[in-house]
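Q: From first to last, the protein sequence lines stand for chains A and B.
Quick note, in the numbering used here, the first sequence goes up one by one and the last residue is 624.
Quick note, in the numbering used here, the second sequence goes up one by one and the last residue is 77.
These are computed hints drawn from the structure, not numbers from a lab.
If you're wondering where the values come from, they're calculated on a predicted model, not measured in any experiment.
Any given hint could turn out to be false.
Pairwise CB distance ranges, derived in the manner of DEER restraints [said to hold, decoys possible]:
#, chain 1, residue 1, chain 2, residue 2, range
1, B, Ala6, A, Gly466, 31 to 39 Å
2, B, Arg48, A, Gly57, 29 to 37 Å
3, A, Gly121, B, Arg48, 53 to 61 Å
4, A, Thr467, B, Arg48, 16 to 24 Å
Negatives, chain B to chain A, calculated, CB over 12 Å [what the hints assert, rightly or not]:
#, residue
5, Met1
6, Ser8
7, Phe26
8, Arg30
9, Arg46
10, Val47
Stretches of chain A that chain B covers, calculated by requiring three or more beta carbons in the stretch to come under 8 Å of a beta carbon on chain B [what the hints assert, rightly or not]:
#, stretch
11, 277-290
12, 463-471
Glycine residues also receive a C-beta, built at the ideal position from the N, C-alpha and C atoms.
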Amino acid sequence: MNAEAASLATPLIALVGNPNCGKTALFNLLTGSRQKVANYAGVTVERKEGSCYTPSGRRVRILDLPGAYSLEPRTPDEQITCDTLYGASHLEDRPDFVVAVCDANNLRQGLRLALAVRRLGCPMVVVLNMMDLARKRGLRIDVPRLARELGVTVVETVATRSGGARDLTHLLDGITAPASSAWRAPQVQSPADVETDHREVQRILRAIGADRVGLPESTLGIDRVVLHPVVGPVLLAATLFLMFQAVFAWAQAPMDIIQGAVAALGGWLTHALPATHMRSLLIDGVLAGTGSVIVFLPQIVILFFFILLLEDVGYLPRAAFMLDRLMGGVGLSGRSFIPLLSSFACAIPGIMATRTIRDPRDRLTTIMIAPLMTCSARLPVYALIIGAFIPNRKVWGGLELQGLVLFGLYVLGVAAAMLVAFVLRLPQRRHWHPLTLELPAYHAPSLRSLAIGLWHRVQIFLTRVGTIILSLMILLWFLSTYPAPPPGATGPAITYSIAGHIGAALAVVFGPIGFNWQISIALVPGLAAREVAVGALGTVYALSTANTDVASALTPLIGSSWGLPTALSLLAWYVFAPQCLSTLATVKRETNSWRYPLIMAAYLFALAYLASFVTYRVALAWSG
Amino acid sequence: MERLKAMSAWMDQLVVGVLVIASAAFAGYRLGPASMRLWIRRQWARVRGKPLPAANVGAGGCDDCPHAATFRKRENS
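Looking at chain A on its own, in the form it has when it is part of the complex (with noise of 0.2 Å):
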């Protein structure tokens, strides 16, 4: 048997749920690092494959479907879901056995769509996950009655805790290989099967005794303070404020030995390669431009960390929950808060998930607003120009000022949006609809599942970093040294090349908001993605100092070559500006219209130009 028929004799087994079940905890309880990330071809949704070894050593494929209420699609995740189990994907094959996985806590909604599954016809177990925690809180789940009144078999599973699937991979080791063409034919789910499957629940849970499940009274007890009208808010913003501090107060000792390992292999060329075209490349543009990006790598990860923490513990969905009052505020519906949550890590994929959004106009404006939303790939440019000239020191009994500015950023970048929000819905105001949102319990973080998902970030950075940032790296570092000076010419090379030429002539238009000529030459490259704008001016001061060492100390450089209203400026100019051309056509695509991005971009730049030229001209007054 060849290796591709090997691969197709191996059994794929489906993880099938609700959102938030803890699916994903087990697919990487499962599969360990033996997983793929990527996106469904089609839609911003990512697809999870991993594969798995079941006790008798057998080797079985595992695919995460992303998480369903029904299989009545209601969005592209669901009609994932549902293409995927009805056989109808044409990316997808049709799974061989399908886990249902339930949250023991909330069974009623978690059977309901295992009901659904069953209708199916195909080969499955349900999984009663978190039942520790379930546990802890004193239910009884009669599992072997559960598995009479369902007709399949189920298993208990912990997903956070090792070993918490033992039942489930011994099960697994039984599936006969491909199946599914024993499934019989799918069925359209009818308005009739819901509400035969809604009283069909009740009977079961009824017969477990499991049919006055609440959340835990910790949970409640916690909501209580966490949700609070008025001590709700105040705990967001200390738990917001302290991951900020958080981002600069503990990476500065890894971005240290970074730097330090970038200073070295940059001193390591200068010395061991000849003076050639070929030692400039790899000094003055890959290194200085890529070391001067990846060196902001430790604070990615803590960012990211508090964030997949507090998603993990179960506390972002009471963030929603408390903002949807100041989203109705300024005219938007509550489910415009995911879209701009997905959009504070990048805001592509926050643009999409705006389809859930039914009113037009909530959609369109969420779009708008979306970019305004501090990404994380401008994480970099606050974080270079904050080191450069906000002083490292303690204020206010202890709290660091540089992590104080950069909260104060994407409050800044929140408070845009929210005014952009309010003008745009003032012709058509229309009442407020609260948002519904499911509160999960709350329940300890999986290291496991954190550590996986730091790993993804890293990941998406580094690649990002080794792609396309290098890529326009080498020929920023080409149209910066070309053509050469000509004889006799007393300026630093770079000012005679394309880059110096075309960096001279955006320094007319940007110079009223005190940009100097380099730092234009860096906003053009940034267009692709904004943290391309670190290491362009990294390349583009490497080329216009004879300094060697220049690679690992941007930081330095610009904080005594720029002003502190300069600084300033371009802090205002990255909160407005929409310099990701990647935003723009998704915009274009979402709404079948070059009408809207050319809104977007044209009043995402004036904001930009106004706010630089604001700050520009108060700091100098200012300072004097």
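Here the structure of chain A is known, so what remains is to put chain B in place on it, guided by the hints.
A: Relative to chain A, chain B alone:
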């Protein structure tokens, strides 16, 4: 010796030139329109005798970016 030096300089320029052109091609591919990327991927799949890839939505170099799922949350209304 002079000839060796000239050849070395020529090789230096050749390698750097190839790297710059390859970078320009890669950046053009990643930042270019999605339809162009799809066309290239389909031609490549044809050459290798693999199934043709379906249209992907990633815009401007965002294909396969798992950023999308970072904060994916579900509303239940």
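Q: Would you mind marking each hint as holding or not holding in the structure?
A: Results of checking the hints against the structure:
Between Ala6/B and Gly466/A, the C-beta spacing of about 34 Å keeps the proposed range 31 to 39 Å intact. Taken as a hint, the range 29 to 37 Å holds for the pair Arg48/B and Gly57/A, whose Cβ atoms sit roughly 32 Å apart. Taking the beta carbon of each, Gly121/A and Arg48/B are about 37 Å apart, not inside 53 to 61 Å as hinted. Remark: the range hint 16 to 24 Å for Thr467/A to Arg48/B is upheld by a beta-carbon distance near 21 Å.
Remark: the non-interface label on Met1/B is consistent with the geometry, its nearest Cβ contact in chain A lying 14 Å away (cut-off 12 Å). The beta carbon of Ser8/B is not kept farther than 12 Å from every beta carbon of chain A, the shortest such distance being approximately 8 Å. Not every Cβ of chain A is farther than 12 Å from the Cβ of Phe26/B; the closest lies at roughly 5 Å, contradicting the non-interface assignment. Against the 12 Å criterion, Arg30/B falls within the reach of chain A, whose nearest CB is about 5 Å from its own CB.
The claim that Arg46/B is not at the interface with chain A holds, since no C-beta of that chain comes within 12 Å of its own (minimum 17 Å). Residue-level check passed: Val47/B sits 18 Å from the nearest beta carbon of chain A, beyond 12 Å. By the rule of at least three residues with a Cβ nearer than 8 Å to a Cβ of chain B, the coverage given for the stretch 277-290 of chain A holds, with 3 such residues. Interface restraint, the stretch 463-471 of chain A with chain B: holds (4 residues with C-beta to C-beta distance below 8 Å; minimum three).
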